[in-house]
Structures are given as C-alpha cells and as structure tokens.
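Novice: These protein sequences, in sequence, are chains A and B.
For the first sequence, numbering that gives the first Met the number 0 begins at 0 and goes up steadily by one.
For the second sequence, numbering that gives the first Met the number 0 begins at 0 and goes up steadily by one.
Incorrect hints may appear among the rest.
[To be verified] Capping the alpha-carbon separation at 30 Å, the derived lysine-lysine pairs in BS3-like fashion look like this:
1) B:Lys56 / A:Lys86
2) A:Lys67 / B:Lys149
3) B:Lys92 / A:Lys86
Treat the hints as calculated values from the structure; they're not laboratory data.
Just so you know, these numbers come straight off a predicted model, no measurement behind them.
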Amino acid sequence: MNRSGVSFLAVLTLTLGCLGLTGCTRPTAANFEKRLQEQLINAKPGDVIELPEGKFHLDRTLSLTADKVTIRGKGMDKTILSFAGQKEGASGLLVKANDFTAEDFAIEDTAGDGLTVQAADGVIVRRVRVEWTRGPNTANGPYAIYPTQCKNVLVEDSIARGASDAGFYIGQSDNVVLRRNRSEYNVDGYEVENAEHVDVYDNIAAHNSGGIGVFNLPDLPKQGGQHVRVFRNQVYENNTPNFAPKSLGPIYYLPTGTGVYIMAIHDVEEFQNRIHDNNTTNVYVIDYSTALSAPIKDTRFRPFTDHIYLHDNEISGGDKSPDVRLDGVKALMQVGGGSLPDILYDGVVDPKIAAGKKGQNPGQVCLSNNGAPTFLNLDAANGFKHPRNDLKAYDCSLPPLEAVKIPQVVEGSDKATAGGQ
Amino acid sequence: MPRVARAPSPARRCHRSLQRTGKAALALLVLLAILTACGRLPPPPVHPFLQEPFPEKLSDWHLFVGQSPRLQPNQRVIPYDLNTPLFSDYASKYRFVWMPPGTSASYRDDGVFDFPVGTVLAKSFAFPVDGNPGKNEERLIETRLLVHSKTGWIGLPYIWNESQTEAHLDLAPDPVPIRYTDSAGTRHDFTYFIPNANECKQCHENNHAVLPIGPKGRNLNKNFVYADGPANQLAYWTKFGYLQRAPAADQAPKVAAWNDPDAGTLDARARAYLDNNCAHCHQPGGTAGYTGIDLRVTDTGLRTFGVCKSPNSSGRVGTLSYDLVPGHPEQSILLARMTSIRPKEMMPQIGRSVVHEEGVALIRDWIQAMPVDDAACARNPSHPVPGARSRKPGL
C-alpha cells in the first residue's frame with residue numbers, strides 16, 4: 000500500500016471513530032456530559048450506549064427514559080462517572096425505563112443516590128460499582144444501587160461502598176435476584192424493603208455496620224413484602240460504626256455489628272450462609288415495635304415477624320463488642336445477663352396467630368441446624384420478664400420457599416435455582 | 000411590563016411605516032413589501048410537527064410573529080396564565096396554547112384537560128436584562144414546547160440565542176448564568192439549569208405517560224387580559240372553540256392564587272402552592288409516588304401530606320424526623336427541603352437553583368398555623384422496652 004493510501008485510511012478511521020462517543024480525543028467534561036445525556040435522550044429500543052474508558056466528571060443527574068437500552072462501559076474500574084461536587088439532581092443515573100441493562104462501569108461520589116431505577120419491568124445491573132470514594136461518611140448519599148417499585152430485577156457481580164444507608168437496596172419491588180455482589184463499608188450491606196419474591200445469594204456483606212436486612216416499613220405505597228430467600232452469602236465483620244445521619248429513620252438505629260436482621264415480615268428463608276464476627280449479634284429476628292419507636296399510623300402495616308426459617312447456616316463469633324451507642328442495646332445486654340447471643344429473637348408473636356395456635360412456637364420461627372450458636376429469646380411481649388435461651392423450642396422446619404424466577408436467569412443454567420433444602 | 004409583552008403589534012409598526020412613506024413613485028413597491036411584512040397577507044399559520052424529526056428552529060413552528068424577541072402570538076395561538084404557577088427561579092413565564100383547526104380540548108374537573116393530538120403548549124422563560132434595573136427589559140432564555148404528538152406528549156427545549164432572534168432545539172441544554180438586580184435592588188447571581196428532554200418527563204410523567212401539568216381547569220379558572228379585553232380563560236377558550244363541556248366559570252373548581260390573600264385562606268393558598276409545585280411528582284404514579292406522599296390539592300388524607308411520617312433515607316434532612324410536624328415548621332422536612340439548595344436535600348430536585356422566599360414563607364405560615372398535636376407524632380408506646388422509650392434496641 001502506498002503512502003497516500005495509508006494516510007487516507009488513517010483519516011477515515013479517525014473520522015469514523017469520532018462519530019460515536021468513543022474513539023475521539025478525550026472529550027472535555029462538559030462535552031462528555033452533554034453528549035452522553037443527548038445519547039440517552041435519543042436512545043431507541045435496542046440501543047447499546049458504549050462508554051469509553053476513562054474517568055469523566057459530571058455535574059448533573061443523567062437520566063434515561065427509553066425502554067430496552069443498554070449502557071455499557073469498559074469495566075467497573077476503567078469507566079468511571081464521577082459526580083464529585085454534583086450541582087444538580089440527587090442521583091447519578093436515574094432510570095425510568097423497562098428492560099434496562101447497566102454493565103461494566105462505575106458511578107462515584109454522587110450527591111444523593113448512585114444508580115436509581117424506578118418503576119421498571121426488566122432490570123439488569125451487572126459488574127457495576129457505585130462508591131463514595133472518601134469511605135464511610137455521614138454526608139454520603141443514602142443508596143448506591145437503588146431499584147424501587149420494579150419488577151424482574153437482576154443485580155449481579157456488582158460492588159457498593161460507602162452508602163450512608165444501603166449499598167444494595169431493593170424497595171417495593173417484585174421478583175428480584177441479587178447475586179455475587181460485594182457490599183462493604185456501607186451502613187447496611189443489603190436491604191430488602193417492602194419487596195416480595197427476592198433471592199439474595201452468593202453475596203458478600205463485610206465491613207458494613209449491618210450485613211443483610213429483610214423487612215417491611217409502614218407508610219410506603221407497597222406493603223406486604225414477603226417471600227425472601229437469603230442463602231450462601233458471607234456476612235462477616237460488619238462492625239464499621241454506623242454513620243447514618245441521626246434522624247428517626249430506621250437506619251440510624253441499626254446497631255453496628257449486626258449480621259442479618261429480619262423485621263416485620265413473614266416467609267423468609269435464610270440458609271447456608273456464613274455469618275460470623277458481627278460484634279453485636281449475628282442474627283436479629285425482631286418485631287417492628289420492639290426495634291423502633293416511630294408511631295404506626297398505617298393501618299395496612301403488620302409489625303410482626305413470623306414464618307421465618309433459618310437453617311444450615313454457620314454462625315459464630317457475635318457479641319464481641321455490642322453497639323453501646325444505642326441505649327436500647329445496653330438494655331438488651333442487661334436482659335441477656337451482660338452479653339448478647341449469636342441469635343437474638345424478641346419472641347413477639349402476632350396476637351391473632353398466638354390465639355389460634357397454642358404451643359411453644361406459634362409464630363413459626365424455625366432455627367435449626369445452625370451449628371451451636373448462642374441464643375436469646377428476649378420475651379419482649381411480656382416486658383422482658385422471662386428471657387430464655389431455649390433454642391430447642393425453635394428447632395423445627397418449614398417448607399422451603401420456591402426459587403425466584405425471572406426472565407434474566409434461565410432455569411437450569413444456574414444451580415441457584417435449586418431449592419432450599 | 001416586560002419588553003416581550005410591550006413590543007408594538009405588527010399592525011401598529013406598519014401604520015408608522017406607512018406614514019413615513021411619502022414618495023408616490025415608490026408607493027407600489029413599498030406597499031407590496033409592507034403588505035407582506037405587515038400581515039395584510041396573513042403570516043403562515045402554525046406548523047405543527049407531530050413526529051420526529053422536530054425542527055431545529057423554533058420559528059419553523061410559526062407560533063410567533065413579528066420582530067425579535069418573537070413572542071407575539073400567531074393567529075389561533077392564545078396566551079394563558081395560571082392561578083398558581085410552578086416557581087422557576089423567579090423567571091417570568093409566558094404561556095401559549097395552540098390546537099389544530101377543528102379540534103378542541105375536553106374539560107375535566109380534576110387533572111389536565113383532554114387535549115387533542117396536535118396541541119402545542121409553549122412556555123417561554125425570561126429574566127431581567129442585567130444593568131437596566133427599572134427598565135423592565137427581559138432576556139428570553141428558553142421556550143419549552145409540550146407537543147401532543149402522534150405517540151403522546153413530548154417535551155422540546157428551545158434555547159434562545161444571544162441576539163434574541165431565534166431559539167434552537169437543544170435536548171440537553173447547557174446551564175445559563177443569570178445575573179441581574181431586581182426592582183427592589185436585590186442582586187441575583189446564580190446558574191439556571193434548563194431541564195433536558197428527559198428531565199421534562201421527570202415532572203410530566205405519570206405511570207409512564209407524559210402529560211401537561213399546568214392547564215387544569217382549577218388552575219386556568221381566572222381572568223386574563225387579552226388583546227380584546229379581559230375575560231375568564233375557561234369562557235374565552237370555550238368561545239374560541241378550544242374547550243368543550245366546561246361549566247360556567249363560577250361553577251367550576253378554582254385553585255387559589257398562592258400569593259393573593261384575598262384569593263383564599265392560608266390553607267387554600269398553601270395547598271394550591273403544593274399542588275402546582277410538588278404534586279406533579281408527589282402523587283400516585285408520579286416520580287415520587289413511591290414515597291407515599293401525595294400533595295395534590297384534591298388529596299384529603301393528612302397522613303399522605305407527611306404528617307408525622309418518617310421519610311426514607313433519600314428523604315431525610317439533617318436530624319429531622321418527620322416530613323411535616325403540625326405547628327412546628329422548623330421540625331418539618333417539607334420546609335427544610337424547600338429552603339435548601341443542596342442537590343441531595345432540595346425540592347424540587349430539578350428546575351430550581353434559588354430559594355423561593357415567598358413560597359417558603361407561605362408554607363412556614365401554613366405549618367405554623369396547624370394546631371400543635373405533639374401526641375400525633377409521639378413515639379409508639381406499645382411493647383415497651385424496660386426504661387425510657389428512647390431505649391429501643393434499634394433495628
């Protein structure tokens with residue numbers, strides 16, 4: 000090939016490369032932000048928006064409303080959308096679109112939440128990192144990966160760090176799989192709130208203030224979260240001092256050093272998890288009204304916790320340094336004779352259930368084959384008069400909950416679809 | 000009065016031109032030119048675009064005629080106003096509506112009218128020109144079109160050029176620095192963020208469908224000074240053929256003008272303010288529907304106004320506990336969010352860069368005037384932990 004041919008090709012390549020977002024000389028920050036937002040606005044179903052390698056600064060919330068769009072970077076440590084000093088909007092990326100996929104990029108230092116997905120049917124978040132790079136800080140945004148009121152959600156192989164509430168938050172959603180993620184240095188690792196049909200497995204929750212919470216709260220449009228499976232997770236050393244801002248919001252009252260907690264929900268199965276060295280308690284099963292003092296005005300809300308099946312977990316090393324920041328935890332330690340157990344249960348049973356079912360365990364809280372954890376039933380319903388260590392009373396089994404089926408996870412291709420036992 | 004509204008009508012300008020034209024020899028040519036320029040030959044009618052591609056220039060829509068800044072409405076383009084508008088950084092707003100000939104909107108008591116396909120709503124935003132306090136000159140920043148296209152409503156931001164001769168479609172507009180001194184001598188210096196085409200939907204979307212926000216019966220039910228005299232807007236639209244099945248103005252619901260103490264009680268004006276500044280998101284199906292807060296004026300449940308309701312973590316501000324504490328504005332997150340300009344805390348999340356002092360004062364007075372009911376927000380006494388109620392063990 001002669002010289003002119005080479006240069007012609009070079010010019011052609013450069014020109015073609017400049018047509019997309021990728022390839023050109025590194026765009027200026029403002030230019031990158033504007034062009035990316037334009038791409039998101041103009042996106043059509045089926046589009047893949049490729050993000051180049053590099054760290055890009057953005058001032059404003061990016062938003063997507065077109066269905067069936069994929070945003071794909073070059074890797075969660077190679078394509079970084081930094082919102083440090085964000086000037087407008089609370090989220091990093093705000094998605095209100097169905098069949099959305101986010102892959103292989105990072106969102107850093109947003110003013111508020113990181114990746115917010117609202118009212119979407121069909122969500123995949125894969126190999127995405129959301130992080131506040133200064134580490135735990137009260138002023139960090141509350142939620143890193145934040146799907147709300149969604150259906151059919153898959154979040155996998157992602158990382159969340161530094162959220163002042165939860166690294167991974169699943170709220171008011173239905174049919175969700177959270178797997179193989181890592182959540183660390185957040186206040187809460189994972190929260191499943193007012194959601195149903197959720198599988199949480201093969202995740203790591205470490206060095207948060209609390210590991211994995213499964214619960215319902217009043218006053219949200221969707222009530223009645225239930226049917227949650229938490230299995231094969233590693234939940235350890237969640238002892239980072241709780242850095243949520245002080246307010247009545249429940250998260251401030253999450254004791255530092257909580258492994259997994261279950262509150263105001265029924266039909267939860269947690270199994271084959273390794274839960275260890277969470278310094279207040281490894282497992283916390285509790286009624287809403289025992290834990291929190293906010294008034295319940297929502298007549299739809301049920302504060303009770305029952306039909307809970309914890310089995311075949313490895314649980315060890317709680318109570319090393321309970322969170323005496325909370326007076327209530329100190330009070331519990333008094334109830335427990337100066338210490339707290341691996342598994343803490345308040346013993347509160349819905350009076351309706353208790354009236355209909357006599358016997359030791361009308362609430363159907365089954366705690367079986369979890370090694371040799373220490374245990375305390377606080378007897379909160381009776382003013383903490385008769386706390387008991389009667390773990391044997393809860394040695395029972397419940398039918399395993401069915402695996403969550405979502406279109407993004409093909410049955411048979413993954414052993415995760417295997418049942419609980 | 001702003002310059003955009005004061006510009007002489009084409010007819011008046013033509014009259015002056017004609018007076019200046021003396022030479023008979025030139026009369027024919029000049030007359031022809033003037034006939035064209037002055038609208039004796041009518042300007043081309045509004046050109047609606049109901050599907051992509053949308054025109055790059057605002058002038059291609061033919062919504063406006065005359066010289067720059069071009070806000071003299073074309074034929075069949077009607078200006079309108081609202082009892083209680085959305086606050087947008089103290090910008091002046093100029094609203095216009097156009098519907099295709101032979102079509103009309105259907106009146107609804109609640110919610111926005113049922114507008115025909117082809118409807119164009121135009122809202123222009125202007126700020127005072129810097130360095131000319133008292134002259135009331137304004138600079139147009141943007142004109143937002145909300146177009147009822149074949150596939151639904153779509154928002155199109157057109158950004159005015161420096162010379163104010165044209166506005167260009169820009170789906171992701173850059174922020175604009177705004178600097179001026181107002182008539183009271185207060186200096187304003189801030190960055191004005193023009194919502195991008197997706198952000199339009201953030202406010203205008205409900206259950207995945209884009210809808211107008213302002214032109215509801217209750218908010219349009221007021222007098223407007225038209226070129227041919229004052230008239231009630233509902234009556235005027237009806238007479239013009241733009242509105243069907245509207246009741247007589249005095250029979251139709253009417254939302255209070257937020258800033259006119261004669262227009263309604265404190266409660267009515269505060270509710271009107273929240274209705275048009277917050278409720279587009281804060282209602283079921285809206286962007287903030289998931290919060291459980293419903294701020295529509297038609298909503299009657301105090302609980303959904305946030306009384307004694309804990310926010311989720313995204314809604315928290317400082318150490319405040321509840322969205323709204325009757326009698327205690329200083330403890331109410333609702334007011335704190337209106338008073339903040341920090342992205343994480345402020346409400347609305349977009350479309351506001353400065354605090355609406357008068358709006359904040361209204362809502363503060365409203366919360367202050369609510370009967371104090373500390374018991375309503377008292378913490379739950381059931382299942383007491385031994386000791387004080389503050390000794391809950393936590394989550």
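Novice: State for each hint whether it applies.
Specialist: So, going through the hints one by one against the coordinates:
1. B:Lys56 / A:Lys86: With a Cα-Cα distance of about 29 Å, the restraint between Lys56 (chain B) and Lys86 (chain A) holds, given a limit of 30 Å.
2. A:Lys67 / B:Lys149: 21 Å, holds
3. B:Lys92 / A:Lys86: 24 Å, holds
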